[in-house]
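Colleague: Given the coordinates of chain H, work out where chain A should sit on it, guided by the hints.
Protein chains in written order, with full-length UniProt numbering: chain H, 1 to 166; chain A, 1 to 783.
These are calculated hints, taken from the structure and not from any lab test.
Backbone N, C-alpha and C fix where the C-beta goes; we use that ideal spot for every residue, glycine too.
There's no promise every hint is true.
To be verified - Covered stretches of chain H (in silico footprint by chain A; criterion: 3 or more residues with CB under 8 angstroms from a CB of chain A, positions within the stretch not fixed): (1) 33-45; (2) 73-80; (3) 95-104; (4) 130-137.
Residues per chain, in single letters:
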Amino acid sequence: MSDVSLMVNGKRVSGAAEDRTLLVHFLRENLGLTGTHVGCDTSQCGACVVHVDGKAVKSCSMLAVQASGSTVVTIEGLANGADLHPVQAAFKEHHGLQCGFCTPGMIMTATDMINRHPEGLDEATVRTELEGNICRCTGYHNIVKAILAASKTMSKGSKGKAKQAA
Amino acid sequence: MGIEGVGARVARKEDKRFITGAGRYVDDMVVPGMKHAAFVRSPHAHAQIKKIDVKKAQAMPGVIGVLTGKELKADGIGNLICGWMIHSKDGSPMKMGAWSPLAFDRVRYVGDAVVVVVAETKGQARDAAEAVEITYKELKAVVDASKAMDKGAPQIHPEADNNLIFDWDIGNADETAAAFKKAAHVVKMDIINNRLVPNAMEPRAALGHYDKAEDHYTCWTTSQNPHVARLVMSAFYNVAPENKLRVIAPDVGGGFGSKIYIYPEEIVCLWASKKTGVPVKWVADRTESFLTDAHGRDHHTHAEMAFDNDHRILGLKVETKANLGAYMSLFSSATPTYLYATLLSGQYNIPAIHANVKAIYTNTAPVDAYRGAGRPEATFVMERMMETAARQFGVSPAELRRKNFITSFPHQTPVIMCYDAGDYAASLDAAMKASDYAGFAKRKAAAAKKGLLRGIGMSCYIEACGIAPSAAVGSLGAGVGLWESAEVRVNAVGTIEVLTGSHSHGQGHETTFAQLVNERFGVPLDSVSIVHGDTDKVQMGMGTYGSRSGAVGMSAIVKALDKVEAKAKKIAAHLLEADEGDIIIENGALKVAGTDKNVPWFQMALAAYTAHNLPGGMEPGLKETAFYDPSNFTFPAGCYICEVEVDPETGMTEIIQFVAADDFGNIINPMIVEGQVHGGLAQGIGQALLEGAHYDNSGQLLTASYMDYTMPRAGDLPSFKVSTSNTPCPGNPLGIKGCGEAGAIGSPPAVINAITDAIGSNDLAMPASPSTVWAAIRATTKH
Numbered sequence: 001m002s003d004v005s006l007m008v009n010g011k012r013v014s015g016a017a018e019d020r021t022l023l024v025h026f027l028r029e030n031l032g033l034t035g036t037h038v039g040c041d042t043s044q045c046g047a048c049v050v051h052v053d054g055k056a057v058k059s060c061s062m063l064a065v066q067a068s069g070s071t072v073v074t075i076e077g078l079a080n081g082a083d084l085h086p087v088q089a090a091f092k093e094h095h096g097l098q099c100g101f102c103t104p105g106m107i108m109t110a111t112d113m114i115n116r117h118p119e120g121l122d123e124a125t126v127r128t129e130l131e132g133n134i135c136r137c138t139g140y141h142n143i144v145k146a147i148l149a150a151s152k153t154m155s156k157g158s159k160g161k162a163k164q165a166a
Numbered sequence: 001m002g003i004e005g006v007g008a009r010v011a012r013k014e015d016k017r018f019i020t021g022a023g024r025y026v027d028d029m030v031v032p033g034m035k036h037a038a039f040v041r042s043p044h045a046h047a048q049i050k051k052i053d054v055k056k057a058q059a060m061p062g063v064i065g066v067l068t069g070k071e072l073k074a075d076g077i078g079n080l081i082c083g084w085m086i087h088s089k090d091g092s093p094m095k096m097g098a099w100s101p102l103a104f105d106r107v108r109y110v111g112d113a114v115v116v117v118v119a120e121t122k123g124q125a126r127d128a129a130e131a132v133e134i135t136y137k138e139l140k141a142v143v144d145a146s147k148a149m150d151k152g153a154p155q156i157h158p159e160a161d162n163n164l165i166f167d168w169d170i171g172n173a174d175e176t177a178a179a180f181k182k183a184a185h186v187v188k189m190d191i192i193n194n195r196l197v198p199n200a201m202e203p204r205a206a207l208g209h210y211d212k213a214e215d216h217y218t219c220w221t222t223s224q225n226p227h228v229a230r231l232v233m234s235a236f237y238n239v240a241p242e243n244k245l246r247v248i249a250p251d252v253g254g255g256f257g258s259k260i261y262i263y264p265e266e267i268v269c270l271w272a273s274k275k276t277g278v279p280v281k282w283v284a285d286r287t288e289s290f291l292t293d294a295h296g297r298d299h300h301t302h303a304e305m306a307f308d309n310d311h312r313i314l315g316l317k318v319e320t321k322a323n324l325g326a327y328m329s330l331f332s333s334a335t336p337t338y339l340y341a342t343l344l345s346g347q348y349n350i351p352a353i354h355a356n357v358k359a360i361y362t363n364t365a366p367v368d369a370y371r372g373a374g375r376p377e378a379t380f381v382m383e384r385m386m387e388t389a390a391r392q393f394g395v396s397p398a399e400l401r402r403k404n405f406i407t408s409f410p411h412q413t414p415v416i417m418c419y420d421a422g423d424y425a426a427s428l429d430a431a432m433k434a435s436d437y438a439g440f441a442k443r444k445a446a447a448a449k450k451g452l453l454r455g456i457g458m459s460c461y462i463e464a465c466g467i468a469p470s471a472a473v474g475s476l477g478a479g480v481g482l483w484e485s486a487e488v489r490v491n492a493v494g495t496i497e498v499l500t501g502s503h504s505h506g507q508g509h510e511t512t513f514a515q516l517v518n519e520r521f522g523v524p525l526d527s528v529s530i531v532h533g534d535t536d537k538v539q540m541g542m543g544t545y546g547s548r549s550g551a552v553g554m555s556a557i558v559k560a561l562d563k564v565e566a567k568a569k570k571i572a573a574h575l576l577e578a579d580e581g582d583i584i585i586e587n588g589a590l591k592v593a594g595t596d597k598n599v600p601w602f603q604m605a606l607a608a609y610t611a612h613n614l615p616g617g618m619e620p621g622l623k624e625t626a627f628y629d630p631s632n633f634t635f636p637a638g639c640y641i642c643e644v645e646v647d648p649e650t651g652m653t654e655i656i657q658f659v660a661a662d663d664f665g666n667i668i669n670p671m672i673v674e675g676q677v678h679g680g681l682a683q684g685i686g687q688a689l690l691e692g693a694h695y696d697n698s699g700q701l702l703t704a705s706y707m708d709y710t711m712p713r714a715g716d717l718p719s720f721k722v723s724t725s726n727t728p729c730p731g732n733p734l735g736i737k738g739c740g741e742a743g744a745i746g747s748p749p750a751v752i753n754a755i756t757d758a759i760g761s762n763d764l765a766m767p768a769s770p771s772t773v774w775a776a777i778r779a780t781t782k783h
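Chain H with its partners taken away, still in its complex shape (with noise of 0.2 angstroms):
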């Protein structure tokens, strides 16, 4: 067992954990942060996607341990209080979502990737960036649109800051 010290939207969780826990099992588990899922054993599907220390990261693919000391954000976390974060309020504008069960993955991959292109997104380069996230409901159709809606208005966003702090 190991002890587990971690930053979890915004609080200081810790606890102890087996050395083989994945990062995914104790959120889901000793956290009871159940909004991100495991649908595979293989790190392909991407349904466990977090973000550790800002970047996107398969929760599946890290142990608890390796990632203690580190500041991770959830689906859970990705909203402002009430206000839903751009990108959950383009999943559901768009209707990027049918069952649900790779949604909260597809959002923090989303989210990343938008933040990684300031210049914006075409169709092309978010199906590419989307790779390592599969869904069987939507045909992915309504999840790049929503996509490239969150990025606009997350660009916009941001000018509208940057203008506001000139």
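Modeller: Just chain A, lined up with the frame of chain H:
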């Protein structure tokens, strides 16, 4: 239509919990004292179990129980069954072999469950499962249905000689033979419909909880039809009487058919919970899902189509071998028979049809309905045949189809179905226009300049859904009725709960069902809650599959709403001292038509419950129940056109454009309908280009992870051009046909017709992977 009513593009009510991580799936459920199960599964495709030694496993840390099939049998738990009786053409009943939830004498496919271990943690359960020692005597296995009836093939079940489950036929053999005698042209093809793994993103899971004090069981399970699960586990598997068994299917992460069936694991978790005295949870890992979820398709077909001189179809002969795997899954017998061969008339006038289907055991995972279930297989046969015929005759594929379209309705086909309404030419025209079919030659020439082979292919599908009229399916062998139930509860403050036997696992019922209520009573969507998926809350229901939630489930709601409306009007008329025939419902109030006299909806509801001033003799309250049994199937149809570019150097196919023109009848929420089409198309394109379950000759599944089985990813697909036309279904009150499966049914032949058009070779197997396409190109060119 209001902004939240029928036909409105309303964003989904259920999304809030899914986009914030607050969805509640079976694996998210925690019950006090809950422990974890791991299954020991057969590593062999076919073997005798000589000895099971659990001593080491029992001594492992955290282990609570290690249980075997012998103990399960001793406790009286029954075998799994197939609930649809098919008789062979000689009149004999299908030959169903025994399927014990835990195998004790013989294993018949890789993944067959043998032992269950219950332990404190998931890790400990898995560690102990590894320590169970089972001695097997390996037997010869067969995986290919076309070889399983050969001399010398292993006998899989003693009940089924030569592994033949049934030899069934439909249509008229003599009339069909006579039609072929008159034929000017006969088109012949051998067609394989590749085996698929459904791959709902949420793996199957079950949590069984036996409450000793109450002698009562609760099962949380990943089910598309919790009431059917309760019925079957109670009536056939002897788990517990229905009144002592509650089945809950909470949020379910996709089904596509694979979560219709009752599997060994939920039965074992319930039984093991009683046996060990703790609640027992099992969650499949992905490889377990690949090995044990019911697979789909896997048909080998020979088809012949006879045409006259004028290219009109005279007759169709079809011989199909359907691989049902090692055991008969719950509805496995219906899929290659009544859901397949009854659609072999396609959209066409065909005077004579005869189809023969042999269902065959092999040492592979059980095969059952997967999105479309039989209808994709029928459509693939028909639409590959039509395209091939057009090529052989040197005529336009569109015009050959148009010439043979059914144009007057109702139309009785020679294979049971009576099509009620449709306009196939309208969908064909819409798809040809949307795809700029006329401009294809130019685009092909432009692609050729880049060294690419461009092709175009179409598919005109029809399917039967809104499953199904109970008496009709009963006469065909179904063990259940396929009606649906609904209960509408108007609360004293006027808010409304709709309890439905349908189950949403992605289809958006919480929104579309509420839209129906909004349309009728003007109550805002936020004041309408849809309750489903719990046998303690909803009285009885048949669940969601076969695109039945709209045509059947919503029709039941309409019936219940009719009753609520009638009573509400009586109450309002009494309160307003008016004639009940003069009451109309508008903008959230019950009004006397042509006056300003009205009573708000909530006030009427309150009056129903205070019961201070009700019409004489009226019972208090406002709650109505209805059961709806459809009078016929519904018949969605459409035309799909696919355009591809193939790189002859690599065999790589790119889908440049995919157009879908569907006729779903009336539509409640176009946004949700489009989403269903997109998802279906991705699965159909996946079948055509990427997906295939492969067993080696010893019965090992080679494609048992996402590293090996090619799931469609975002980069494999284009954005789709979808549109709908609307000939309302005359068979149900909403005029709905259903849209859940169309995409998966219609798209595979469109893709294969496009690729074969591009490469100039008609012989191409699915999935048309780059190596397969490359080999097909090489086979047509001399080197």
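Colleague: Work down the list of hints and note, for each, if the structure agrees.
Modeller: Now for the hints, and whether the structure bears them out:
Only residues whose C-beta sits within less than 8 angstroms of a C-beta in chain A count toward coverage, and the region 33-45 of chain H has 12 of them, enough to reach three; the restraint holds. Interface restraint, the region 73-80 of chain H with chain A: holds (5 residues with C-beta to C-beta distance below 8 angstroms; minimum three). For a cut-off of 8 angstroms, the count of residues in the region 95-104 of chain H with a CB near a CB of chain A stands at 9, and the three-residue condition holds. Judged by the Cβ-Cβ criterion of 8 angstroms, the region 130-137 of chain H is covered by chain A as claimed, because 7 of its residues qualify and three suffice.
Consistency with the previously given hints is maintained throughout, with no hint failing.
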